[in-house]
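Chemist: Chains as they are written, first to last, in the numbering used here: chain A, 90 to 507; chain B, 967 to 1133.
Do not rely on the hints blindly, as some may be mistaken.
The calculated lysine-lysine pairs, modelled on DSSO-like cross-linking and capped at a C-alpha distance of 30 Å, are [as the list claims (entries may be wrong)]:
1) B:1042 <-> B:1002
2) A:405 <-> B:1002
3) A:161 <-> B:1042
4) A:405 <-> A:360
Okay, the calculated bits of chain B under chain A, using three or more residues with CB under 8 Å as the criterion [to be verified]:
5) 991-1004
6) 1024-1036
7) 1053-1063
8) 1071-1077
9) 1081-1092
Simulated restraints, written as ranges between beta carbons of each label pair [unchecked claim]:
10) B:1127 <-> A:256: 53 to 59 Å
11) B:1079 <-> A:104: 51 to 57 Å
12) A:459 <-> B:1014: 18 to 24 Å
13) A:184 <-> B:978: 34 to 40 Å
The set of hints was computed from the structure by calculation and includes no laboratory data. All residues carry an ideal CB built from backbone N, CA and C; glycine is no exception.
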Amino acid sequence: MGQTLAEKILSEKVGRSLRAGEFGVVPVDVVLMHDGTGPLAVRQLGAMGLAGPRQPDRTLVFLDHGLPSPRKELSNDHVFLRDFARRAGCGLYDCGSGICHQVVVEECAGPGQVVVGADSHTCTAGALAVFATGMGSTDVAVAMGLGESWFRVPESVRVEVRGAFSPGVYAKDLILWLISHLGADGATYQALEFGGPAIAALDMSGRLTLCNMAVEAGAKTGLVASDGVTREYLAAMGRQAAWRELEPDPDAVYARRVEVDAARLAPVVAKPHRVDNVAPVSEVARTPVHQVFIGSCTNGRLEDLRAAAAILRGRKVAAGVRLLVMPASRRVYTEAMRFGVLSDLVEAGAAISPPGCGPCAGVHLGILGDDEVCLSTTNRNFQGRMGNPRSSVYLGSPATCAATALRGVITDPREVLG
Amino acid sequence: MIVEGRAHMFGDDISTDHIAPGRYYHLRSQLGELAKHVLEDADPEFAARLRPGDFVVAGRNFGLGSSREHAPTIMKLAGVGAVLARSMARIFFRNAINVGLPVVICDTSRIAPGDLLRLDLERGVVTDVTQGFDLRVTPLPPVMLAILRDGGLVEHVRRHGRLVLEA
Chain A
90 MGQTLAEKIL SEKVGRSLRA GEFGVVPVDV VLMHDGTGPL AVRQLGAMGL AGPRQPDRTL
150 VFLDHGLPSP RKELSNDHVF LRDFARRAGC GLYDCGSGIC HQVVVEECAG PGQVVVGADS
210 HTCTAGALAV FATGMGSTDV AVAMGLGESW FRVPESVRVE VRGAFSPGVY AKDLILWLIS
270 HLGADGATYQ ALEFGGPAIA ALDMSGRLTL CNMAVEAGAK TGLVASDGVT REYLAAMGRQ
330 AAWRELEPDP DAVYARRVEV DAARLAPVVA KPHRVDNVAP VSEVARTPVH QVFIGSCTNG
390 RLEDLRAAAA ILRGRKVAAG VRLLVMPASR RVYTEAMRFG VLSDLVEAGA AISPPGCGPC
450 AGVHLGILGD DEVCLSTTNR NFQGRMGNPR SSVYLGSPAT CAATALRGVI TDPREVLG
Chain B
967 MIVEGRAHMF GDDISTDHIA PGRYYHLRSQ LGELAKHVLE DADPEFAARL RPGDFVVAGR
1027 NFGLGSSREH APTIMKLAGV GAVLARSMAR IFFRNAINVG LPVVICDTSR IAPGDLLRLD
1087 LERGVVTDVT QGFDLRVTPL PPVMLAILRD GGLVEHVRRH GRLVLEA
């Protein structure tokens, strides 16, 4: 009986065959935390009486949620984390470096690794066939101090995607549709394993978007097999040596299978205040918006900014709409500058901010006013998510966001694609 | 260990943004201050009404969203005795056990607001004292029971110096 990707990676790490439902203490390759969850993790490490990080060079501290700091309290948390990272010899990613999940896939993660992070979207790295999952600060303190964590090996849901995406339809539309199909708790305690011809043809950016949002269906992680696309991505990041082929066994046992025909997907949005409250764009078209946000660990990559720029180039954002763009990392920012993507966006009326998580998490930048509406490429639209419980957030692809910024009302990108 | 208190009712899909809103991000190193805002976006009056030991009683998928451990921590700090829900999001569930906040999966549909509830953690029984019935409880996995019995994950690691999975 074959193994799923989740079973395969965890079995290899513990050196014995693990099956879904079994428990194991598993060595971890990379531990990450950020300015929201890191201070507590560091304090818990001390409370447990552990000396410090077991693998300092693989313990990564990101200042990405409240950067540049908007308040003295956050500044003091940053001082605390900078001091810890320096004393412990950890990797420190300070202001402007980028969002933890994006930087980890660019610089650290590789097929077959186990990555734990004090952030729920740590599952993003699953796109590189990494068993990556989010945990709380105390669990991350244990992983940091002991170099291991306990796992219940998850059952996997196989998401088989055939066909090809139509123009104007993206990985974001697929994952939003899937979450609405499964429900916001439809994959709780499970792994979502994406495969099939449409996934094999999908670029790394799209795969990262899928895995990033696995947690919005309750999943522990999202996973994609490591293949030629993975190899090319790692090579582009200058990390060819990290590549290895890794795929589930053909006779792996899945908890369930979901079949999707990519060709039948249309642009969709998640309506307030639930990620699984998904509707075709046509159903909510002409809903006025005050702000459009393109960025975050879900959709702040070069490919996302390019999709938006292709729509906005030579045109102007509608009067009364704020377009906020935030590249996901310094690398993305630099490339978007070099290729002229940022100038296209700025000339169309966008405000560009340094890499970070502020707007998505309601920390700072782009906080909504009472009764305001935002269409965002982020991963959550819970009440109050963008800093104000009296505002509303819709979620959509970068192309849907760009088309909407252009018209000032929620717009199907196929209406404005040239 | 017995927990006794009144039921405060919440619906389905109470997220960590409801429990510990992102706009109070700057208070994460001042947990006592953050606790004053616990569950504010689901019920603005909750923190004022809460008495020590009271129960948060919810529907499906309680605690979905962020990994922020501050969510179960401030519930505990504010005086919540236990959380009862029909189902719970994975990270929140694990975090609650880690910080020693009792969480119980059971059918909460018969509980009425203000009911007096009693939880016997050792026996794994929830009783609605007001209405006079016991609720069937989904047992915790042994690894979580071991952590809860040690008083949370910090105490577990202090005691054993490592992760001990067996109960």
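Chemist: The structure should be examined with respect to each hint, and the outcome stated for every one.
Modeler: Comparing the hints with the structure gives:
Among the hinted pairs, residue 1042 of chain B with residue 1002 of chain B is consistent with the structure: their alpha-carbon atoms are about 12 Å apart, no more than 30 Å. Our distance criterion of 30 Å between C-alpha atoms is broken by residue 405 of chain A and residue 1002 of chain B, whose separation comes to about 44 Å. For the suggested pair residue 161 of chain A and residue 1042 of chain B, the alpha carbons sit about 27 Å apart, so the restraint of at most 30 Å is met. The hinted pair formed by residue 405 of chain A and residue 360 of chain A meets the criterion: a straight-line CA distance of about 26 Å does not exceed 30 Å.
For the segment 991-1004 of chain B, the stated coverage by chain A holds: 6 residues have a C-beta nearer than 8 Å to a C-beta of that chain, and at least 3 were required. Counting residues of the segment 1024-1036 of chain B whose beta carbon lies closer than 8 Å to any beta carbon of chain A gives 9, which meets the minimum of three for the stated coverage. Under the rule that three or more residues need a Cβ within less than 8 Å of chain A, the assignment of the segment 1053-1063 of chain B holds, with 6 such residues. A stretch counts as covered by a chain when three or more of its residues have a beta carbon under 8 Å from one of that chain; for the segment 1071-1077 of chain B and chain A the count is 0, and the coverage is violated.
Only residues whose C-beta sits within less than 8 Å of a C-beta in chain A count toward coverage, and the segment 1081-1092 of chain B has 0 of them, not enough to reach three; the restraint is violated. Range check, residue 1127 of chain B to residue 256 of chain A: about 58 Å between beta-carbon atoms, so the 53 to 59 Å window is met. For residue 1079 of chain B and residue 104 of chain A, the hinted distance range of 51 to 57 Å is satisfied, since their beta carbons lie about 52 Å from each other. The hint said 18 to 24 Å for the Cβ distance between residue 459 of chain A and residue 1014 of chain B, and at roughly 23 Å that hint holds.
Range check, residue 184 of chain A to residue 978 of chain B: Cβ separation about 39 Å, and the 34 to 40 Å hint holds.
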